[in-house]
Structure formats: C-alpha cells, structure tokens
Amino acid sequence: MAAPPRHATMLSISNGDKPAQTQAQSQQGTLPQSPGLRVPSNRKTIYDRHLNRSRNAESSRASFAFLFGEMVTYAQRRVTGIQDLEKRLNEQGYPLGLRLLDLLFYRSTSTSSSALSSSSTSSSPPNRPLRIITLLHLIHGPLWRLLFGRAADALEHSVSPDTPNEYMITDNDPLVNTYISVPREMSMLNCAAFVAGIIEGVCDGCGFETKVSAHNQPTDLWPSRTVFLVRFGDAVMEREKVLERSGVK
Amino acid sequence: MSSNKTSRIGEETRVDKVNAELVTLTYGTIVAQLCQDYDSNYQDVNKQLEKMGYNIGMRLIEDFLAKSGVGRCANFRDTADMIAKVGFKIFLNVTPTVTNWTSDNTQFSLIFEENPLADFVELPDDGRAQDELWFSNILCGVLRGALEMVQMQIEAHFVSDVLRGDDTTEMRVSLVRYIEDEMPPEEE
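Residue numbers (the UniProt record's numbering), protein chains in the order written: chain A, 1 to 249; chain B, 1 to 188.
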C-alpha cells in the first residue's frame, strides 16, 4: 500500500502543489530550456555536469555530523514522541532512497569493473533486482558503500516461521549515530531511522513494498550496533513465490 | 599571516572524511523538509536555514580551532582568508575566492566556484523559488555563529546563486563590530 501513494507525494513536493500539473510539466520536460527556470549563461546546471563528478569527492565527517545533528534537533521540536520522531527521520530518508537507487544503477551500468562491483554482488547484472535477495544484496553492498564507504556488517533472514517476510541488515557502528548522544529517557530512539527511510525508498523504488525500522541492539564490543528490520509486504511475498516457481533470479 | 601559509594550513589539516554526496543529500533533504513544513514560504525557509547554520557555527568554531591550530587573526582581511582557505577547505573541501573588498576593509564577497551543498539541485519550478529561496543560506548562519564565538559580529547574505540562474554564487560578508570582552552582569 505504501509504494504508490508515497511516491506520488514525493513528486508533488519537489515540483509544486498540484500532482496533475506536475505530470504535465515533467512530460514537457524540465530541460534547461524549459521556460520556467532561469539558468546561468555559463550553463552551470545539473544537466551539464557529469553525474559521476562527485563520485569520489570527499567532505568532512564533521560537516555531516553537524547537519545531521541539526536535522534531528529540528525534527525533535515538531514531534510528540519517539515514534513520531523516528517516523519523521524515516520520511526524510525516503526520498533519498528513491534517488540513490537511480544513481546506483546509473553507476553500475556505466562502469562495469568499478569499485561498486567488487563485492558479493559482483555477479549480479546491473538490472533492477526482481528477487528479494538480490535487492537486499544491493542495499547491503553497493548502497552502503556509496553512503558510508563500506558494506554493512550482516544480512540475515528471520528464523521464525511466522515471519518469513522479515530480513535484518546489521551495521555494527552506524556513521549517523556516531555523534548523536541520546538522553536516557529516550533510550529507545535510534536516529538511524533516517537510514531506515533510505532503505525503504530504495525498496519502494524497486517495486518492493516494505516497512523498515531501525533498532538498537548493542553488544559489548559494539555499543551502537543497529539492526534494520526490513518487512516486506504480502504482495511482495506472493510475487516472490511465483518468481521462485518460474525460476527467475 | 601570509596568504600562502593560510592555504597550506587548509590543505594540510587532517580531517575524517565521508562521501561528499552523503553531505549533499542530507542537506538537500533538510531544505526539502523545510520547504514542506513552511508551505513553500521561502523567506521563512531562508530564516530557518540561517538559524540552523548559526547553531552549527557556534559549535563548529571549536572544532575549527582544534583542527587547524591557528591563532587570532590580526585583522578582518586575515579573517576572510582564514574562512575561505582553511574553514571552507576543512569542512566542505572547497575554497571560495575572497574578493570585492570595500575600501575600509569591513566587507568582502566569497565567490563559490564549487558548492557541494548544491550539487544535484534544481529549485522548484513554481515561479517563486528562484526569486526567493537562498538554497545554501545555512552557510550564512554558520559564519555568523562561528565568528560570534571569536568576538566578531558579522552579517552575511547571498547576493547571487547559480541555482537562481545567476552566473556566480556570491555571499556578501560585513563586519558589524568587534565584540568587546564583557564581564557577565553581576547577579543581584
């Protein structure tokens, strides 16, 4: 249920207020010569810059920490509780997931023997994943590397027969939580809900309706260890069975 | 301090890195959220971004001083150099150009050849955003907050932005006054 409506809201947010109009606009093209937007005479627009330009660019970790911290603080002032806060962070990550998905595919097709493919997913073709496992590998490997410079630490399937639709992606030391100190009375809060939102965006963008949440599961060695619980919708599980039978990989 | 020496500090200061795109995207999602929360009232979005920047700047200055190890600037020209070549270099890995000084050396412009915050960005095509929204306005707040912590009251605003269709991205920075050390008011 989540996928189409959320998708639709996102588009209308970025392009104005009336979804109907939005469609018409985007069909006529948002190319630089579209009448609406002014562009610099030296053509410094997003259309003239190579998408891989910033691929290996680095910025300071502090800048990220400051921005993310400010984002959480701002969100906190507008919510009523921890769940609400996590929902908001999730919603802010979601649109990034949709966009990162395209970026990942673009890059994995344009550079075949790149750093992106030096992983467990190197054998998978650069097509959109059809099966759950391929999708999860995409998140665990390439997505994590794009965002955090390394793969996630674990990928597991729920062992309970009641919840075959649940998968877990573990990050032992999430970058987003490195500089966040959570007050004791909010110990349930995990700001990696932002990352959960990104994962949800990637899954939805691929056509896998999903709910993703971030949970604290500290160990002695990894105090900020976080588990992302990925719960696929019924429709996805049914499709998965059909694909399984017809031998689609 | 000589200009070259300042550049060297900027180049050589070691900092922990992250993928620049993560920073870009995170900032993008912040601005998008504000536009949504403020119902595309871009003046309010600008103000809120400036405020968030101010909060960041107040804390960032300490990180800046600790990392760079630089001392007090002799004058405002030094300060400008330090901001462009060390501050921006450390935190955003870019070096804006300092230019357009007024004759009394209290106002200058920073010209951004590169602006990592605005990569992948196109403003909403609603006929207003390009006239009203200063997408990178958080940077103005960062400068104001950081400099206030080292006894300089400044005012900063963008005067042009390539996202608005201008040929350059330019921020104007003015020194309002040096803040004298004041004893906290005695408690009665």
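The set of hints was computed from the structure by calculation and includes no laboratory data.
Ideal Cβ placement from N, Cα and C applies to all residues, glycine included.
One or more hints might be untrue.
Pairwise CB distance ranges (calculated) [stated by the list, open to error]:
#1 Phe120/B - Arg184/A: 24 to 30 Å
#2 Asp16/B - Thr163/A: 37 to 43 Å
#3 Met58/B - Val159/A: 47 to 53 Å
#4 Pro223/A - Lys17/B: 38 to 44 Å
#5 Thr168/B - Glu238/A: 53 to 59 Å
#6 His215/A - Phe120/B: 27 to 33 Å
#7 Gly127/B - Ser246/A: 45 to 51 Å
Report the numbers of all earlier hints that the structure fails to satisfy, in ascending order. 1, 4
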